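Novice: Residue strings, one per chain:
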Amino acid sequence: MNQYLETLSNTTVGTVRWVGQLITFEVPWYQNYFYGLILISLVVWILELSFPWRKNQKAFRKDFWLDFFYMFFNFFIFSVVISGFYAVFESAMSGLGIGMESLLLINLSGLPQGIQLLIFFFLSDFVQWVTHVMLHRVPAFWRFHQVHHSVIEMGFAAHLRYHWMENILYKPLKTLVVMIIGGFEPEQAYIVHFVAISIGHLNHANIRLTYGPLKYIVNNPVMHLWHHAKALPKGQMPGVNFGISLSLWDYIFRTNYIPEEKPDLELGFDEVERFPKSFWSQLIYGFRKERIGF
Amino acid sequence: MEPLIAVEQLDLLKERKDLIILDARGEQAFTKEHIPGAANLDWEDLIDANHEIYGMIADPEQFASVINTRNLKRTDPIVLYDDQGGVEAARVWWVLKNYGFEEISILDGGLTKWKRSGLKLESGPDVSPSSGDRQFGFKAFRIANKEMVLDKLDDPDFTILDVRSEEEYTGKKIKSGAAKGGRVRGAVLIDYIRNFDLDENMNVIGFKDPSVLRHLYEKSGIKSDQKLIVYCHTAVRSSLTTFVLTELLGYQEVYNYDGSWREWSHMDSALIETH
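From first to last, the protein sequence lines are chains A and B.
Residue 336 is where the first sequence starts when you use the working numbering, and the numbers rise one by one after that.
Residue 485 is where the second sequence starts when you use the working numbering, and the numbers rise one by one after that.
Don't read these hints as lab results, they were simulated from the structure.
Treat the numbers as computed from the prediction; the structure is a model and nothing was measured.
Built from N, CA and C at the ideal position, the CB exists for glycine as well.
Don't take each hint at face value.
As the list claims (entries may be wrong) - Some chain B residues near chain A, calculated using beta-carbon distances under 8 Å: (1) Gly-510; (2) Gln-512; (3) Glu-528; (4) Tyr-538; (5) Lys-659; (6) Ser-660; (7) His-717; (8) Thr-718; (9) Val-720; (10) Arg-721.
Please construct the entire structure, taking both the sequences and the accompanying hints into account.
Specialist: See the structure below:
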């Protein structure tokens, strides 16, 4: 028990230090998640302001600051808190003899870096796509995922408005993928990370983008807006366009739906007006008993 | 007791030891603030958990298990309230009447009016007294089922009254739990919200005056000798209209269709209208 408490506190302190190192630029810019996030956010925001799809949308749209807070909470505050628990879990698993190589099925280590990254990217995106479908289909998960879908006015920062409980589902499944493909994340995994953030920011941005023929492979704001539609035809429930970075899986599994390009699509979900509005009340919403209402 | 009780009256009466004040809202809302001395009886706890349709009235066993935690008996004088003008309170009223409870009033204006009148509130979880061990037999009170609606659909003596919003009535809005949008064939619309006086933010101030209410229904062709089957989505709003028609306006033959649109939306399209 003591060793677990020690692991918990050591790792937590370690993560706090790491975040500090990010902020003080001790970590070089190309691996710096903190400044990388800020930079990507600024770039996308300027693009939104320069080429807005919804012309009447304000620069500081509805809930802009809420989303701003979520961005940093989910990326940094939460990772500090959770890092200790992940380390304890890893430690417990290794006590059972389960390590990162235990599920090795496809060994990527012999392949060129670029191919490694590509496979890693595609596989982890697919697993996240599946996880996302579950967030919509399983009622208990949906109550947490509703935080993300409570966005009424869409802008880049909405990308990171989500409940931290989603990580509890995403992380283990992503880890499973990493275990299957060789038990390690490619050295340049941060490249995939920054690409994913950029695509994700753009998917939620107020910009009209489809990437031409690439729309069948890469997710884009025109497609992703339909994922956030408040009302979908009955046949399309419980959702469409589940893609994270790639739209590919939606086309393969026929969950794609883009009847038209519609910037002013009504967003949210049934009775989103009654969903709690503050960070804290959104946080506890999923943990409470569900009242169906009349 | 009168069917409606004013906030000032309740303020005076609440010291009465035998008077039970029940808050029909959810636990979270109750804990945040409630009328001093009130106990919590969430309408969502008085539903049949085993029925495929959400929101059907609890069976005798389920009913007793919830009611006994509040140690309530049929003869208790009860005042019900919520913060939406009385709609959740009316649902609890209707369920209690179906199990033979005798003396029930609804607080006119509910918690909203209580607060507006500057009266004190309490907060904290429900601390009800020791539990009871009673059994309650079901005694059908103003209740309709699917078979009755089917039977009376084309009966000229019966009017089917839809109390939802116009969007739901036309089928434009489909609330979750329904198979499709629309209304019971031949139903007439009088939105339950029209039973209330509203402020500029569309919040309920209180029930309209009975003479105004009478005019509202008669103008829509629903006279007091009419036989009615009332419904909405979950039979909560229709409980409110049932309360208004029977307790405030003296209508005799009013039946609350418990399955309401959640159930009827699964029927054959020949029995459904839209637009």
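Novice: Against this structure, judge whether each hint is valid.
Specialist: These are the hints, each one checked on the structure:
Because the beta carbon of Gly-510(B) sits about 5 Å from the nearest beta carbon in chain A, less than 8 Å, this interface hint is met. Because the closest C-beta pair between Gln-512(B) and chain A is about 6 Å apart, less than 8 Å, the hint holds. Interface restraint check: Glu-528(B) against chain A, minimum CB-CB distance 6 Å, threshold 8 Å, status holds. A distance limit of 8 Å between C-beta atoms decides the matter here; for Tyr-538(B) the minimum to chain A is near 6 Å, and the interface restraint holds.
For Lys-659(B), the suggested interface contact is upheld, since its CB lies about 7 Å from the closest CB of chain A, less than 8 Å. Here the hint on Ser-660(B) is kept, as its CB sits about 5 Å from the closest CB of chain A, short of 8 Å. The beta carbon of His-717(B) is positioned within 8 Å of a beta carbon in chain A (closest approach about 6 Å), and the interface hint is therefore held. The interface hint given for Thr-718(B) is met, as the beta carbon of that residue sits about 4 Å from the closest beta carbon of chain A, less than 8 Å.
Contact between Val-720(B) and chain A, as hinted, is supported at the beta carbon level, the nearest pair being about 3 Å apart and thus within 8 Å. With 8 Å as the threshold, the beta carbon of Arg-721(B) comes within range of chain A, its nearest partner Cβ sitting at about 6 Å, so the hint holds.
Checked against the numbered hints given earlier, the structure satisfies every one of them.
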